[in-house]
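K.L.:
Protein sequence lines, in the order shown, are assigned to chains W and G. As numbered in the working numbering, the first sequence has no gaps in its residue numbers, which increase by one up to the final residue, 269. As numbered in the working numbering, the second sequence has no gaps in its residue numbers, which increase by one up to the final residue, 225.
To be clear, the hints were calculated from the coordinates, so they are not data collected in a lab. Treat each hint with caution, since some may be false.
Beta-carbon label-pair distances, calculated as ranges [stated by the list, open to error]: (1) W:GLY17 with G:GLY5: 37 to 43 Å; (2) W:PHE76 with G:VAL49: 34 to 40 Å; (3) W:LYS40 with G:LEU56: 20 to 26 Å.
To be clear about the criterion: a stretch of chain W counts as covered by chain G if any three or more of its residues have a C-beta under 8 Å from a C-beta of chain G, and this derived list gives those stretches [said to hold, decoys possible]: (4) 6–12; (5) 37–48; (6) 166–174; (7) 178–186.
Just so you know, these numbers come straight off a predicted model, no measurement behind them. Backbone N, C-alpha and C fix where the C-beta goes; we use that ideal spot for every residue, glycine too.
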Amino acid sequence: MDWIYALSDWLQALAAGNEPWNSYARYLPQLLEGAWLTLKLVVLSGIVGILLALPLALMRTSKNPWLWSFPYAYIFFFRGTPLLVQIYLVYYGLSQFESLRSLGWLWDEVLSQPYWCAIITFSLHTAAYIAELFRGAIQSVPRGEIEAAMAVGLSRRQQYQKIILPRAFGMILPAYGNEVILMLKGSALASTITLLDLMGATRNVISRTYMNLEFFLMAGVIYLLIAALFIGCFRLLENYFNAHQKATHLPTGKLDVQVQDEHLKDTAR
Amino acid sequence: MDLHGFGHLLLAGTWVTLKLAFVSLVFGLLLGLLGALAKRSSFFPLRWVGNLYTTLMRGLPELLLVLLIYFGTSQLLELTFGVYVEISAFAAGVAALSIAFGAYATEVFRAALQELPKGQVEAAQALGLSPWQTFWHVMLPQLWRLALPGLGNLFLVLLKDTALVSVIGLEDIMRQAYVASGYTKLPFTFYLAAAGIYLTLTIVFMQLLGWLEKRAGRGHLEASR
């Protein structure tokens with residue numbers, strides 16, 4: 001991340017000691033490093049979240065009460081309590097148990113580290129929301145498509161692999177994008193367990209400079225930029241996975257009159 | 001669960017959380033309604049303001065909003081009037097939460113306004129009702145039914161977002177759980193108790209919302225039967 005400091009040096013030279021510009025330039029690298037941590041937290045928990053959500057959703061759609069009751073309770077807990085409670089439960093709460101603290105490596109390197117606590121909490125949290133999206137999508141795959149899959153002799157497993165899950169994935173993609181944006185906003189809570197994410201770094205800088213408004217607004221702009229970045233990425237993904245929705249009719253006017261289809265005329269684009 | 005005599009603190013915190021949620025709800029609904037009307041206005045600067053409001057506020061973390069308003073307002077007042085005024089955590093919380101709620105509520109109200117049959121407004125005009133009467137007697141009651149499910153979800157989100165205000169020291173459920181776990185060294189117990197209270201509140205409000213939705217839709221249900 002040397003270029004950030006080079007940029008900062010250049011901006012500081014430009015400010016030539018004039019406040020407040022000098023402070024802005026001087027503390028910008030800390031904000032950007034915070035933004036990088038925020039980005040890592042969101043992307044990592046977004047990926048782990050969707051991986052956890054798939055088995056949860058499959059269990060949730062089962063008719064066997066032994067299978068659906070666990071994801072039901074899981075989803076209910078994580079959607080019904082504030083993220084702040086969840087992150088405190090993991091970071092501060094787990095230390096209450098002597099047995100966990102004597103786990104050695106797992107405790108020292110993972111469960112007592114704010115970074116991993118944040119990743120664990122965010123992943124579990126977002127998984128509950130994504131599982132609920134998946135469940136809705138799996139249940140709304142058109143009945144006819146499943147019947148068609150059965151008619152061509154696909155096994156239950158193949159139906160899920162080839163038809164139901166790819167369709168469900170395409171269906172949840174826009175909502176998953178929204179979920180990632182919500183996770184980006186939620187990731188600011190990492191600052192409450194001492195992490196220097198964008199929010200934490202901003203609070204840190206403010207405690208030194210007392211420039212509340214300026215640096216909070218600067219952080220706000222960076223958050224909006226990251227959100228715009230995610231929205232752009234998801235638009236690309238949607239174009240790729242949901243290309244079938246963009247299919248258009250041939251302009252019928254150019255076709256031979258003999259094959260022009262009357263009812264397509266209005267819909268031709 | 002043994003709460004070591006801190007149970008009453010959690011209850012006191014619950015009351016603060018509920019007050020914060022309801023006061024923010026009132027202001028948030030007002031902002032949402034104004035936002036939706038602005039977005040559908042024929043006057044383009046208003047539309048522009050409405051769009052800016054929802055785009056910005058839905059992209060900013062609520063925690064940032066809470067901190068910005070709590071710490072930033074004092075600084076702003078000092079810069080403009082030269083006096084240092086500390087605003088209360090409750091007021092800052094209400095402001096931040098209702099601004100965030102309002103941004104999402106704007107979209108809910110806007111969608112509801114779009115679903116409102118155009119004939120209703122035309123009929124009201126044909127009867128000679130003024131624009132205000134049309135809004136108050138014809139549009140708003142129907143809007144309520146259309147917007148209720150969306151607003152209900154937003155209220156449940158708002159209820160959970162109130163926990164953020166504990167970061168600036170408001171003595172809500174979270175803050176009390178934090179204090180109690182500091183004294184007793186039992187953080188898991190107290191945060192789990194806090195989670196239990198939030199879950200209970202969520203269940204109660206879900207039931208209440210279900211009842212409200214049924215009630216709001218009664219005329220509609222009878223007509224479609």
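K.L.:
Taking the hints in turn, state whether each one holds.
P.N.:
Here is how each hint holds up against the structure:
no. : hint                             : result
1   : W:GLY17 with G:GLY5: 37 to 43 Å  : violated, 57 Å
2   : W:PHE76 with G:VAL49: 34 to 40 Å : holds, 39 Å
3   : W:LYS40 with G:LEU56: 20 to 26 Å : holds, 25 Å
4   : 6–12                             : violated (count 0)
5   : 37–48                            : violated (count 0)
6   : 166–174                          : violated (count 0)
7   : 178–186                          : holds (count 4)
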